[in-house]
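A.B. asks: Take a look at the letters that make up each chain.
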Amino acid sequence: MEIFKIRDLTYYYPQEKNPALKNINLSINEGEFILLLGNSGSGKTTLGRIFNKIVPEFYGGKIKGNIYGNIEVGMVFQDPERQLVMDKVERELAFGLENIGLETKYMKKRVMETLSFLNIDDIKQSNTYELSGGQKQKVAIGAMLALGNNFLVLDEPTSQLDPSSSAEIMTILKRLNDELGYTIFLIEQKIDRCFHLADRILFMENGEIVYDGEPRSFISWAYRYKVNFLPSISHFFSKLDIKDIPLNIKEGRKLIKNIIDKNQFLTSNKKIKMKKSKENSLSPIIELKKINFSYDNKKNVLNNINLTIYQNEILGLMGANGSGKTTLIKLIAGLLKNFRGKRLVNGSIGYLSQNPNDYLFNDTVYEELKFTLDNKGIKDDRIIEEILKQLDIYKYKNKNPRDLSSGEKQRVALASILVMRPDILILDEPTRGLNLELIDNLGNILLDIRKKETTIIVVTHDVEFVSKFCDRVGLIFNGEIAQIGSKYEVLTSGIYYSTQINKLFRGYNDFVLTEDDAINFLHINKGVS
Amino acid sequence: MLKLHPATSIILCLLLFFLTLLYNNPLYIISILLFIVIGTLIIGERSSLIKVLKYSKFNIIFLILLNPLISQNGRTIIFKASYVPFLGRIKITLESIAFGLNMGLKLTCITTVFVFYSLLSERDDIFSFFAKYLNKLTIISSMTINIIHKLSIDLKRIKEVMVLRGVNFNQKNIFKKVRAVYPIIKIIFISSLEGSLDRAEALHSRLYGKAKRTNYYILRFRKIDYMINMTNLLLIIIFIISFMLNYGDYDFYPTLRNFSYHELIFLLVFNFILYLNLLFIWWYKKWKSLKSEI
Amino acid sequence: MNYGLILGLSLLILFIIIVVSYERRKISIKEISLLATLSGLAGVSRVPFSAIPNVQPTTFLVIISGYVLGPFYGFMVGFIATLVSNGFLGHGPWTPWQMLSWGLAGLSAGILNKFFKNPSRIFLSIFAFLWGFLFDYIMNLWHFITFVYPHTLKSFILVYSTSFYFDLMHALGNFGFMYFFGKDFITILKRFKYRLNFIKEEEEV
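Residue numbers (our numbering), protein chains in the order written: chain C, 1 to 529; chain E, 1 to 294; chain Y, 1 to 205.
Be a bit skeptical, because a hint or two may be false.
What the hints assert, rightly or not - FRET-style restraints, in silico, Cβ to Cβ: (1) Y:Leu153 - C:Leu335: 50 to 56 Å; (2) C:Lys105 - E:Leu279: 56 to 62 Å; (3) E:Phe272 - C:Glu113: 34 to 40 Å; (4) Y:Lys183 - C:Ser126: 38 to 44 Å; (5) Y:Tyr3 - E:Tyr133: 28 to 34 Å; (6) Y:Leu12 - C:Leu335: 45 to 51 Å; (7) Y:Phe115 - C:Lys5: 50 to 56 Å; (8) Y:Lys183 - E:Asp251: 54 to 60 Å.
Simulated from the structure, these hints should not be mistaken for lab results.
Backbone N, C-alpha and C define an ideal beta-carbon position, used for all residues, glycine too.
Same shape as in the complex, but just chain C (with noise of 0.2 Å):
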């Protein structure tokens, strides 16, 4: 059954002479799970808000076309933080039913009602702004189901969290897609999380919908199209020249099977020839020994740590949330004092936190390096240009920072820490709320720094990214360094902290992490039969 309908749709913002929209046509049938996807500045978010008529009724603007539907919905935004509006959890969830003036006794069953689903009954008076991200989503989408809509409309709801949670964000909205038949509606970046729970895919580009359909034939489509929008095992598979390709590691696998039966392959768990890690032929920069360090004297955040980080390797941070991940790199950054144990650092840090807002408040981006040069009181600023060009950012030169998509935002954050020539560089969660191609410019662009004698340490939850561009990973948990060695030590052992390929790969070789090693064996391989 058709709930909404779209005709011939452009709308331009206030002020705007290009359209944010143009000639949408769409229709949305009960029940259906739509995975929106498209670069930023493609209009998803605009097309999100048409629905629930933030868009135009918000911002105004000119709107031509035509729009059915008359069902409420239900939005949930990207960002936890600001969507929240009461103190306390029971009461942020009873404030859509008080603005439509239920009465209080319907109220108390909705409420009670939607924390049973959502399991979030234990949180119910905690306040609001003490909650984890994904704790703060499920409580808005919570308030979405409160309202009693069963049309969600969500904005990259995972983008500020963790995989786990982005996990559990994702379980739930598969329930209300299974169990309660609800329509969902979602735009996301990170297509590995959601592609496989999706029965209908769009893609936008320049306001336009230019793609409509299964995601089966999706696959072909963004094959010839669209390469970095493709789950991670179909882009893999798209590399080898293949018919079909497969959605997910179940059906990946066979087809890796039948490869390798017919051609014979060694499945031995031999190790193959990949660059050493050579460890001992370099000198250290960083130097834990035993620390200790705990914020209020009761309970050690971190516990014992040894650490010895060698110049010039790019090392990953990995562990659960609230680990003592960014404590440690906090320590290491020298913004901790009161800890126990040696901390040697030689030389200077410059360090990038997870939003690159933080940094950004002058009015060109010019004037954002030069503050860090005038504050370090280096007069020299020819390195500005270098840097600029360095990140390819040089051509913003003039702009106001702020105006910038959030993939320039963090390279012009990034560059006003180069600046000053750090040793050691030190990134916390860099790839959050980039899509795929911007993660592949940020690690090469982490290549070519490090090039030049820096030392990079990444804090991320992103094992794609750390297989990718990183030389050694230590694992994180409790405040200890549980292992600690080169990715493809750390990274083949475990269940959770392994890549999309190698999971694909495991059995067959459990040391092929990244596309490039898995090229790299079927290659060899081949070379041998």
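Put chains E and Y on the given structure of chain C with help from the hints.
C.D. replies: Coordinates of chains E and Y only, in the frame set by chain C:
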């Protein structure tokens, strides 16, 4: 923390506040102060009392010292100086010391009544109460609470970022200090303005302003609320009578006078009614803990 | 006459009038959200930044808000910022007077803008400087009237001189913020107001 109806606690505390301002008679002031202190102790919040007194002790001591210095009234001279810088010739009298002490007590009363108020009703109930009558203001306040929490976390993070970009926050010169703080303030300023649109979208999505609002929590007057409001009413009556008979007043100058027999009787009546509240609070507290055990 | 009591009562009545008239106003969702945001900003910047007491951008932010968004808006920012942030920092008899002081700072900045469309940088800075002193003086006035007797010039000066150092720091901080960054912040807020479009006026920013 008690769970009185917010209206009850507001009326009681406003009464205490204005009684303190109106009465000059130290006996009344001491009675009110004792009431607040004992009430707070019954509720079991000694620490909040100590905290606020620590915070405002300088103000109180200042008042106690200031009055004798500037008031040249009173006849019972304790100390005399022919010249003190700025003040000139001064005399310190017993009456002015008593006056200063009384004012100190009054300020203490007014300070502690705010603490007392915060202990009588739960914040949630206060919110619900005001939401009924002042719904915009309560929503703005609770949004502001959320924003303050978020921004105080942001502040810390941005400060770290700026330290590592070479900003020195340990400036002694006030203008240099202002300059050091500038990036932080500007960043949270811009970021939170951007956030304000997002929050407005969220309000819109929650259908705020779409219909006449109802309330999730319904506050009920309990037995204790009726009881305390009964004494509130009696206190207002007493207040009017005392005002007409000039009983709450006391003249410190020219010499301290004795309290009259009528005054003392009246004080007794006043205290009897006021301290009934303590009995109610004690009973309520005990009854509540008994109930929770079952 | 008991002036302290009268002042206290009139403040209470004033607050009730303001709050009720705010409730009765037609106010858009965007304005509600912006008011909460600016109050949050002003409130959080009361967290002292250093060992130097009273260097807080709160007064500066309240003045900027009033200056750009109008007297009533400015008053509400000061009013709510104080009410909420005192919830964290501690309520006391100072709360209503601080609410009034900061409210008036915002209000007066809004009125200032009605008379001077393009005030010079130094003019605004002196305005902010004066509020550094006025802020505590409003609180002190009640203190003086209620608890100090007799009301002579000497006693007045004594009461007011004790907070001189703090007030001076506050005033100097305000001056610095306004002088160095006033124009900058005003431009940002004006641009944002324009974007919000909640007051429909064709104004060059």
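A.B. asks: Confirm or reject each hint.
C.D. replies: Status of each hint after checking the structure:
Between leucine 153 of chain Y and leucine 335 of chain C the beta carbons are some 53 Å apart, a value that agrees with the proposed interval 50 to 56 Å. With their beta carbons about 36 Å apart, lysine 105 of chain C and leucine 279 of chain E fall outside the hinted range of 56 to 62 Å. Between phenylalanine 272 of chain E and glutamate 113 of chain C, the C-beta spacing of about 52 Å breaks the proposed range 34 to 40 Å. Taking 38 to 44 Å as the suggested C-beta distance range, the pair lysine 183 of chain Y and serine 126 of chain C conforms, at roughly 43 Å.
As the Cβ distance of tyrosine 3 of chain Y to tyrosine 133 of chain E is approximately 30 Å, the hint placing it in 28 to 34 Å holds. The supplied range of 45 to 51 Å is met by leucine 12 of chain Y and leucine 335 of chain C, whose beta-carbon atoms lie about 47 Å from each other. About 55 Å separates the C-beta atoms of phenylalanine 115 of chain Y and lysine 5 of chain C, a value consistent with the hinted range of 50 to 56 Å. Checked against the hint of 54 to 60 Å, the pair lysine 183 of chain Y and aspartate 251 of chain E passes, with Cβ atoms roughly 57 Å apart.
Checked against the numbered hints given earlier, the structure breaks hints 2 and 3 and satisfies all the rest.
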